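**Student:** One-letter residues, chain by chain:
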Amino acid sequence: MPIDCLVLGAGQEVGKSCVVVTINGKRIMFDCGMHMGYMDHNKYPDFSRISKTRDFNKELSCIIITHFHQDHIGALPYFTEVCGYNGPIYMTYPTKALAPLMLEDNRNVMLGRGEKEQFTSEQIMECMKKVIAVDLKQTVLVDNDLQIRAYYAGHVLGAAMFYAKVGDAAMVYTGDYNMTADRHLGAAQIDRLQLDLVITESTYATTTRDSKYVREREFLKAVHNCVASGGKVLIPAFALGRAQEICMLLDDYWERMNLNVPIYLSAGLTIQANMYYKVFINWTSQKVKNSSTTRNAFDFKNVRSFDRSMINAPGPCVLFATPGMLTGGFSLEVFKQWAPCEQNLIALPGYCVAGTVGRKLMSAKTPAIINVDKNTQIDVRCQIHRLSFSAHTDDKGIMDLVRFLSPKHVILVHGEKTNMAKLKEKIESDLGILCFYPANNESVPIPSTLYIKADVSKSFLKSSLSPNFKFLKTISRADADERAKSSVQVYDDRVAEGALIMQKNPKFVHQNELMVSLGAENHEVLVAYCCPVCVSDELKDVAPSPGENMPPVLDKRSLVHLLYTKLSNDFQDVTIQNDGDHLQIKSFTVSPCLKEMCPHRIQVNPDCTSKAVNFCCTWSMEDEKLAWGVVSIMKDLELKTG
Amino acid sequence: TCLSEGKGYHFPPCHIVNICGFRVLIDCPLDLSALAVFSPLPTVISNLFDEKTSNDGGQCSSNSESVRQEVAESFDSKSLIQAEPWYKTVKSLQLWSVHSLDVVLISSPTGMLGLPFLTRNKDFRAKIYATEAASRLGELLMEDLVSMHMEFRQFYGPEEFGCPQWMAWEKLELLPMALKDIVLGSEGTELCGWMSIYSAADIKGCMEKVQSVKYAEEACYNGSLTIKALSSGLEIGACNWNILSPRGSISYLSGSVFASTTATGFDYKALKGSDILLYSDFTDCNDVDSEKNNFPLATGGCSYSSDIGSCSETIIESWIDSSEYTREMETVSSICSCALETISDGGSVLIAIGRPGVMLQLLEDMSLSLDSSNLKVPIYLVSSVAEELLAFSNIIPECLSSQRQERFYSKPGPLFTHVQLSNEKKLLVSPAIHSSKFLTSWQEPCIVFCPHWSLRLGPVVHLLQRWCQDPNSLLLMEEGYDINLAFLPFKPMSMKYGLCSFISGMKLRKVIPLLKILQPKHVLVPESLRPHISCCNPNFSVCYFSENETVIMPKLKSYADMDIAMDSDSKEKEEQYIAKLKGELLVEQGKHRLVLENKLVLSLQVKGRVDLDSLLTALQKMGMKVTAEHAQSTDGPENVSIVYISEPKEALIEITPTRTMISVADETTSSLVSEAVRSTLVCF
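Note that the protein sequences, when read in sequence, are chains A and B. Following my numbering, the residues of the first sequence are numbered contiguously, the last one being 642. Following my numbering, the residues of the second sequence are numbered contiguously, the last one being 684.
Treat the hints with care, as some may be off.
[Stated by the list, open to error] List time: in silico DSBU-like cross-link candidates among lysine-lysine, alpha-carbon distance up to 30 Å:
| id | chain 1 | residue 1 | chain 2 | residue 2 |
| --- | --- | --- | --- | --- |
| 1 | A | LYS26 | B | LYS272 |
| 2 | A | LYS426 | A | LYS212 |
| 3 | A | LYS287 | B | LYS209 |
| 4 | B | LYS269 | B | LYS516 |
| 5 | B | LYS269 | A | LYS58 |
| 6 | A | LYS635 | B | LYS625 |
| 7 | A | LYS301 | B | LYS426 |
Hints were generated in silico from the structure; no laboratory data involved. Since we're looking at a predicted model, the values are computed, not measured.
My request is simple: use the sequences and hints to build the entire structure.
**Tutor:** As structure tokens, this is what we get:
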């Protein structure tokens, strides 16, 4: 099979995204993430399935990282430095700049949780040196056959969907994306492509999100109420992305409501991150970009940086702390301090991976006891606000994207099994596209389109590109006395018809050129039959036989017309052309035969001759069935006026 | 067609290429060095009146031919045209009707300076492609030009209607030879290329028509041309173009630098294997000519025409990190050291260098060397677009050199250090020389970066008038222009000056190895390179082109490519010789694609002749009674064989070399007979 898709991670789950796709012999690894919910070896994708010998350099053509979230990049240093992959790694410019920060942050969190160190900071830097940065829409030739291209995906700064093409087979891996623009990032954008396969995330496979404004209002109300009553608000968030988005929202709101409650960003990472946002302002939304000439949108007016000593300082405040999902580190530390107090509010933006404290909080009803780790329990009494601010697309967005790309196959990853099953149903029934949602370590073979490369002759292109008008002239003669009404039907029938000559260099030519290009002569094979048709007596009177004064042409025409009306009743699915002298159905032509001795008249029925008019029919072999159908009708026919 | 060879960096060449019936204009520059014929604005009004009167006197006396020639040898500042300047465009471009252009490709920021002249024309309907950075920088350059021009407008009053006075023939006749050459061109035909300045609205209108692309993005024009911009390394945003059409591909190679200090390097690998390569890097062609009259640069300063040639050109990969980068860096550092010398002597430095990339690099290195030598001297950047330029330079990591990107990744911080400099008040940015902020902060000695390199427009004029008598001060400008003419209005000059040459294209000795790597089928090179190219024996065909001459390339292919979509499951591996197909033809990304409606062989056609004997045996096998006879055809001289079938039903077969006619009355017989006929023929 030309495309083979092996899902190493994020199959029927969220976390450790990693898909290895083989396209026409080239193997590409899309994303190399780690699972935040596990502490053991399950945290990394099972790389041994790529290659038994662990010779990854030979097995993989390249690695493509869509964005800097841990579940998409977390295992990369492990894979390159520990497993020894040395080949090219592609990611966008912002991702390359931000990835080391995120990896370092995550490393510290893991060390904080008391896990074994998998790689050092130096190894992260080493790993990043192997990365080749790409720009959006830049077409990169990885080698002579493999070509990749990034498209804007929204989601987070620098997130991209990747298009990969080898030979004739092409596919898109979406990574995480967002189809609606938010405050600081634009919506995903992609060209209409010819695709065999789309691998899409399905985090919100069955949720259609309501208007953003309602959600924002609710969130602001909750935050405002909390700080008004002197509470502290904790927003655990990734340093990049959600933090900026909500920061912008709050900063705006603070301005409007004239609030002076401090908003803090936990020090270090977030401030550095803001600097990156300023540099990569071209990767944010159009609105932010446009306003950047006057004031950089990431210079917040009410935002200050936070110091550890301020955790227990009195008075209300809003604090953004990393990491999101409360997986450890500073946000968990603050959480432990603030959670027992009823006044406080914890706002959880976005998705929480199963197994994290954040996930437990989401489903908890306060007051509740939550196990943070083996020996710590926390009595959570604070309010909890769930914010659906996630930068993932909802089911409508997924459907829109799939419909837009209309690939031949869809694979769902990065979602929950039950929801994926529902989405699969929907895609297959609504769009008629085959859809799969493999579990981890399963692989799906996908057939792909094959193209025959051929040289095309000029006249073929000309004939099929220029409007091909067909004028079908119909002369309707309802009555012999009435003036002939003629109408012209015009068709623009731009169906390309030609012949493919398979040889060393396939050639495609126009039908008329075929014989010339083959150097062969055409030999026409025609079948003919002169068919007698009975004519009723009354018609005989109106239409005199040849030899009388009436011009025979008129006579012929009326006969043809009579036959035409008859036949068009019986053959409604084919077009019958009537040009007065003869009728034509495909290659079948019929015209009244006035010769005394027609060579095609074989059986002469003596009874009938007096009343019959002969119609000469010819056709070529391929229309045999049709022809005999017409003839059999004609034999049983009796032409009458009216 | 090549319209103009251009002059180095600031006036890139301009071409029109006709591909597949689409007319593509590559670059639309302005010859700003021609501005030298105009007099800069005098600072003191009274000066002007003096000059005007004396100028008139001079003109009166130079009526006769002989006198004028004498004047031509020793013309002075008064002979410059005292008028609102017009701008010289590519003359031959005027001869093309604007509406016949389909595509305009811009390969560098300077290559779009003349674009508003085209786009303000109502008939203009072409699509303009430029890289994001080039279009933004180009826009800034144009805005700067217009705002500098405003100074003239304020001085000379609103524009005169119709032709300005200086354009009248009698006035032109009076111009000294050197000026006349510039105005009229050597053949005296270039007057029509002069245009008055466009407005800010023209620029805006022009920018709206520009479709910005990224490096290596495949843009598609009209479904059939796929256009790709590839980094050329000359400047931030500069690019070479690769145009893919159904009938072959063409690459346009503009001035390219393998490794530049600021911009991304030359992406030559992507130009590999195209059908036609249009080589349009005129840097060395001009160098070849200028080597002959390589006039020594006497007046103090420093000349940097160093020749670094100790590199192994055979190994291409070594080019990338070799000579050009180091040479550029050396140039920059020696400029810095010269500037430092001047500063420590108490003089000021005026830098009139028009390349954004070089300027940004200089700015950074200059401040570093100031720091290292503990000199506390302010750096000024005076330009109406200075602030935008600096802001823009910090948000384009994609367009910068690999060294700079590396630095950014390893040590997070802004892309250029000028952000810190202006925060620390070491760098002062001002939109104009007369702004109050600028005047209050002014202190000498200092280093000033300001436009315009022609020394005719903008703040440089004022500063030059201030310092031209100061022997301690230093003016730094680019090499390659008529220094005498440029300095004319400021004479006598006691100021030191330095000419620096920056790389603006490929060295000749790198051209041939490069072409060998790129392996194009045909190469178009400028006529002036003929002696250099022809001596090596290339394995591709070479054509030479010269200005205003159309070169017609041979047809690349008589057949266009087409893809025929087939589902892989219908991969019946019969060796089908010929198949008739029917489907929908799409043109996409410069490729024809046939989407089949049905996979079936549509209709049958038969070739060859019917062999009578085998037909008879075939019919007999079917149990028919046959008799054959030869007869003369009723309607032609052809030989006709007639086969009568009497059993089981009557039928008649009439065979001529091109046609077989079966006359038969019932279906079964008919199908049997046709089967028999078919079996004796080759069908497809």
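**Student:** Which numbered conditions among the earlier hints are violated in the structure presented, ordered from lowest to highest?
**Tutor:** none
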